[in-house]
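Protein chains: 2
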Amino acid sequence: MTHDLETIAANAAAAAVPFAETPPRDRAAALVAVAAALEANADELVGIAMTETGLTEPRLRGELKRTAVQLRLFADTIVDGGYLDVRIDAADPDFVLGPRPDVRRYLVPVGPIVNFAASNFPFAFSVAGGDTAAALAAGCPVILKGHSGHPELSRRTAEVVAAALDTAGMPDGVFQLVTGQAEGVAILQDPRVKAGSFTGSINAGRLLADLAAARPAPIPFYGELGSVNPVFVTQGAIAERGAELAAGYVASVAGSAGQLCTKPGFVFVPSGHGLDDAIADAAAPVAPHRLLNPRIAAGYRARRDEILAAAGVRVVASGGIEIDGEEHGWATPTIVAVSLDDLIAGREALLDEAFGPLSVLVEHEPGTDLAALVPTLFEGNLTATVHAASGEADAALLALVRVLTEHAGRVLFGGWPTGVAVTPAMQHGGPWPATTNDSSTSVGTAAISRFLRPVAYQGASEQLLPAPLQTANPWGLPQSFSPAGESAHWGRPVAIG
Amino acid sequence: MTHDLETIAANAAAAAVPFAETPPRDRAAALVAVAAALEANADELVGIAMTETGLTEPRLRGELKRTAVQLRLFADTIVDGGYLDVRIDAADPDFVLGPRPDVRRYLVPVGPIVNFAASNFPFAFSVAGGDTAAALAAGCPVILKGHSGHPELSRRTAEVVAAALDTAGMPDGVFQLVTGQAEGVAILQDPRVKAGSFTGSINAGRLLADLAAARPAPIPFYGELGSVNPVFVTQGAIAERGAELAAGYVASVAGSAGQLCTKPGFVFVPSGHGLDDAIADAAAPVAPHRLLNPRIAAGYRARRDEILAAAGVRVVASGGIEIDGEEHGWATPTIVAVSLDDLIAGREALLDEAFGPLSVLVEHEPGTDLAALVPTLFEGNLTATVHAASGEADAALLALVRVLTEHAGRVLFGGWPTGVAVTPAMQHGGPWPATTNDSSTSVGTAAISRFLRPVAYQGASEQLLPAPLQTANPWGLPQSFSPAGESAHWGRPVAIG
Chain R
1 MTHDLETIAA NAAAAAVPFA ETPPRDRAAA LVAVAAALEA NADELVGIAM
51 TETGLTEPRL RGELKRTAVQ LRLFADTIVD GGYLDVRIDA ADPDFVLGPR
101 PDVRRYLVPV GPIVNFAASN FPFAFSVAGG DTAAALAAGC PVILKGHSGH
151 PELSRRTAEV VAAALDTAGM PDGVFQLVTG QAEGVAILQD PRVKAGSFTG
201 SINAGRLLAD LAAARPAPIP FYGELGSVNP VFVTQGAIAE RGAELAAGYV
251 ASVAGSAGQL CTKPGFVFVP SGHGLDDAIA DAAAPVAPHR LLNPRIAAGY
301 RARRDEILAA AGVRVVASGG IEIDGEEHGW ATPTIVAVSL DDLIAGREAL
351 LDEAFGPLSV LVEHEPGTDL AALVPTLFEG NLTATVHAAS GEADAALLAL
401 VRVLTEHAGR VLFGGWPTGV AVTPAMQHGG PWPATTNDSS TSVGTAAISR
451 FLRPVAYQGA SEQLLPAPLQ TANPWGLPQS FSPAGESAHW GRPVAIG
Chain Y
1 MTHDLETIAA NAAAAAVPFA ETPPRDRAAA LVAVAAALEA NADELVGIAM
51 TETGLTEPRL RGELKRTAVQ LRLFADTIVD GGYLDVRIDA ADPDFVLGPR
101 PDVRRYLVPV GPIVNFAASN FPFAFSVAGG DTAAALAAGC PVILKGHSGH
151 PELSRRTAEV VAAALDTAGM PDGVFQLVTG QAEGVAILQD PRVKAGSFTG
201 SINAGRLLAD LAAARPAPIP FYGELGSVNP VFVTQGAIAE RGAELAAGYV
251 ASVAGSAGQL CTKPGFVFVP SGHGLDDAIA DAAAPVAPHR LLNPRIAAGY
301 RARRDEILAA AGVRVVASGG IEIDGEEHGW ATPTIVAVSL DDLIAGREAL
351 LDEAFGPLSV LVEHEPGTDL AALVPTLFEG NLTATVHAAS GEADAALLAL
401 VRVLTEHAGR VLFGGWPTGV AVTPAMQHGG PWPATTNDSS TSVGTAAISR
451 FLRPVAYQGA SEQLLPAPLQ TANPWGLPQS FSPAGESAHW GRPVAIG
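Residue numbers (this note's numbering), protein chains in the order written: chain R, 1 to 497; chain Y, 1 to 497.
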């Protein structure tokens with residue numbers, strides 16, 4: 001480890017205790033200050049982001065706003081305090097297994113975390129994005145591994161974040177930036193780092209997850225990797241709103257040039273759906289959109305060629321990609337169709353994710369058992385979507401929905417999976433390879449719990465208890481209380497015989 | 001994989017969906033039925049356990065009762081339904097980032113799990129123990145890897161559990177037993193298995209955790225491994241209740257021949273504590289107790305010899321171990337003392353766990369900075385204990401407590417760490433190597449969440465929603481509701497400036 005990384009790890013470790021001990025209201029005010037600072041610097045930051053990523057100004061302004069809103073939501077969440085899961089068992093001389101002591105449990109920050117930023121969301125999944133907001137909300141110092149795709153934006157955003165945290169009185173070392181692949185790998189393995197988070201490719205995510213698991217002291221690693229987000233459209237939905245579906249589909253594939261983890265990669269439709277013209281018409285006016293960087297452009301061009309060359313593939317909207325003088329790729333949406341049989345026969349070429357504005361219509365015959373099909377085609381996904389007619393709820397559809405919940409973290413009815421609301425109930429995660437750890441989410445307030453661990457105090461006097469566990473409850477948090485005497489009744493509400 | 005294991009994995013996978021769909025009240029009644037069946041067969045089961053483990057009848061009867069109580073507590077927990085963490089975001093046309101759909105999130109069972117039983121708790125951490133109860137409560141089929149230390153008890157308990165679940169109407173395949181190391185390793189790697197749990201040694205636990213992480217699709221693995229449970233006694237506590245402390249200490253070390261994961265392995269006392277005679281007197285009348293099996297006896301004898309031979313070790317209560325004609329070891333408690341300096345100098349020989357009735361008094365000079373010392377001696381532990389005088393709460397003590405919460409999952413004040421209450425607030429886990437995964441507990445109702453994963457439904461009609469997410473709320477569960485309109489106010493309660 002270089003001297004710089006040693007300093008960074010030491011700084012983060014030194015910040016861990018004072019940061020963990022900040023009252024939630026102060027930490028929340030610091031999050032709000034970061035949100036305000038991002039907005040105050042929006043013109044400059046969005047300008048750098050446009051140059052470095054090729055994403056559009058409206059998209060980037062919206063993403064910056066989302067990033068600020070996320071920080072404010074998390075501020076409210078920690079002030080509310082329910083996320084600490086405070087549980088208090090009263091001492092109980094009549095406990096069914098013998099006298100039991102007073103036991104009080106809550107969640108504490110795990111310590112310094114390293115967050116690997118993504119390329120495709122330069123605000124919302126990067127320096128000041130969801131993982132950073134969740135870790136800071138939890139009370140964990142953040143070491144941010146900047147993405148090489150937007151280095152200047154990473155540097156400036158980190159300055160803005162660190163300055164806002166400093167002004168708000170947070171400890172030194174609570175937010176630091178590192179850059180470089182080797183540096184990221186080294187810091188993940190530092191014993192002072194207690195958890196990792198990541199958004200990116202399956203290959204990179206798996207590599208890092210394996211390193212985290214192989215440490216002398218393993219740590220949790222929350223990686224969001226690959227997802228193809230299958231969509232299932234019934235004949236009834238097409239009859240009811242075919243043109244609207246075609247337009248929504250193209251918009252979801254074309255937005256941000258398809259460089260979204262929730263882009264609908266496969267759309268299952270009944271043969272004879274008749275949507276080709278509406279899809280082609282919706283795609284035709286879409287202007288070329290620059291891909292994030294030359295590496296992604298080259299990868300997308302090769303993947304697109306591979307799909308177009310696969311047996312049985314029919315072009316519905318051709319689209320294309322042009323490489324400019326700086327090796328940047330400019331893409332328009334490509335929609336192809338393939339029969340279910342050809343998809344199955346050509347699965348090696350067809351089933352992997354295409355990162356860019358390409359999607360595959362899969363045409364199946366009436367009566368196809370889609371519920372049985374799903375496990376044979378897909379592992380885990382972030383999302384799965386069903387478009388049915390209003391009121392449609394036959395046994396086949398219910399069986400399909402049931403199977404989709406086993407293979408995805410979020411199942412949508414109507415709408416399209418791109419555009420993830422930042423809310424208390426949002427779930428952004430899913431079975432492998434959508435994520436390395438399916439027990440959590442990287443969007444929404446439940447994301448905070450990834451960076452917490454439980455600690456119980458047994459038999460402690462009020463003066464030795466931390467504020468959340470005190471009977472006086474000075475922060476006014478929700479406390480779940482188990483009174484003495486109740487153990488005699490356990491099991492009775494559901495007693496048998 | 002042999003034919004038998006293939007059948008077992010297939011059975012568990014087939015049971016997963018129908019078991020997940022059992023209403024909580026039915027699943028709770030099944031847990032209560034298992035509890036009743038264990039109690040109805042207590043005489044036979046305790047008899048087998050005495051022969052196979054050498055543990056005493058009172059201990060085993062108490063442990064069986066605890067196991068039954070645990071099942072009843074979990075039954076109540078799933079009927080209450082709070083463990084499902086139901087969150088409902090209302091659709092919101094005025095959402096700050098643009099109209100948001102209705103999103104509803106809850107936790108669903110992960111699918112079949114494999115649970116590796118421990119040797120030292122033939123009921124509470126074995127076939128029908130905490131991990132089994134938690135997984136069944138969650139709605140996950142259980143494949144139980146029986147421990148070779150009590151094969152007949154494992155077989156009979158599994159019969160009792162499976163029969164009770166069957167009579168209660170649970171699906172076939174919901175509980176199955178496998179035996180053999182190679183078989184356990186194979187089933188953990190079967191793609192149909194979705195999580196693992198384990199209680200045992202650091203070596204075996206790390207091996208299995210590594211296998212779980214290295215699968216093509218990694219799965220969570222919850223292993224409880226090694227812990228030495230340091231105790232810190234102040235001069236004030238000794239002055240107040242020295243004799244009581246000596247007696248409590250010996251009882252905690254001697255119980256179940258020290259073969260408990262929470263046995264106090266190191267007790268830090270001020271030099272000149274004067275407790276030697278009281279400890280020796282308390283240890284003298286303890287009768288020899290059989291160790292669990294010949295392998296543990298041989299390991300304990302070697303470990304004890306190593307500690308007795310280390311430089312600076314003084315015997316306070318000699319104890320011993322005799323090997324009988326069947327290679328079983330019969331042990332009495334050994335308490336030794338060593339200066340802090342000698343502990344540090346001899347850390348290679350002294351600091352590892354001694355699995356059996358041996359504990360080390362560590363004598364330190366007045367003014368020793370214990371808070372600074374802890375991180376240099378210990379990684380993670382299940383517990384840490386403080387004995388102080390009533391009202392004692394000086395800065396040094398507060399600093400020590402603060403550090404202990406970073407190194408242990410449960411911090412006790414007074415009392416001894418053995419004897420873990422099964423309650424909502426209990427925490428039985430801790431930083432590596434106490435557990436492989438510090439985000440959870442293996443005792444208490446929070447243990448259920450290890451076997452759940454979140455799923456969100458977006459824009460679903462009432463008829464397509466599972467019962468817990470329906471507005472009608474047919475099971476009467478707690479539902480956390482986020483109304484429309486509130487996003488405009490996020491961050492305001494803690495606004496700055």
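Among the clues, some could well be false.
Same chains, same names: a pair is fine if it fits in one copy or spans any two.
Said to hold, decoys possible - With a straight-line cut-off of 25 Å between C-alpha atoms, the simulated DMTMM-like cross-links for lysine to aspartate or glutamate are:
#1 65 / 26
#2 65 / 365
#3 65 / 392
#4 65 / 306
#5 65 / 486
#6 65 / 379
#7 65 / 210
Keep in mind that the hints were calculated from the coordinates and are not lab data.
These numbers were taken from a predicted model, which means no experiment stands behind them.
How the hints compare with the structure:
1. Taking the shortest alpha-carbon separations for residue 65 and residue 26, only the intra-copy value of 22 Å comes in at or below 25 Å, while the best inter-copy value is 47 Å.
2. With identical chains, the CA atoms of residue 65 and residue 365 are never at most 25 Å apart, being 44 Å at best within one copy and 58 Å at best between copies.
3. In the homo-oligomer, the alpha carbons of residue 65 and residue 392 never lie at most 25 Å apart, since the shortest distance is 37 Å inside one protomer and 50 Å across protomers.
4. Taking the shortest alpha-carbon separations for residue 65 and residue 306, neither the intra-copy value of 37 Å nor the inter-copy value of 63 Å comes in at or below 25 Å.
5. Taking the closest pair of Cα atoms, residue 65 and residue 486 come within 25 Å of each other only across two copies (16 Å); inside a single copy the shortest separation is 49 Å, beyond that limit.
6. Taking the shortest alpha-carbon separations for residue 65 and residue 379, neither the intra-copy value of 33 Å nor the inter-copy value of 42 Å comes in at or below 25 Å.
7. With identical chains, the CA atoms of residue 65 and residue 210 are never at most 25 Å apart, being 34 Å at best within one copy and 41 Å at best between copies.
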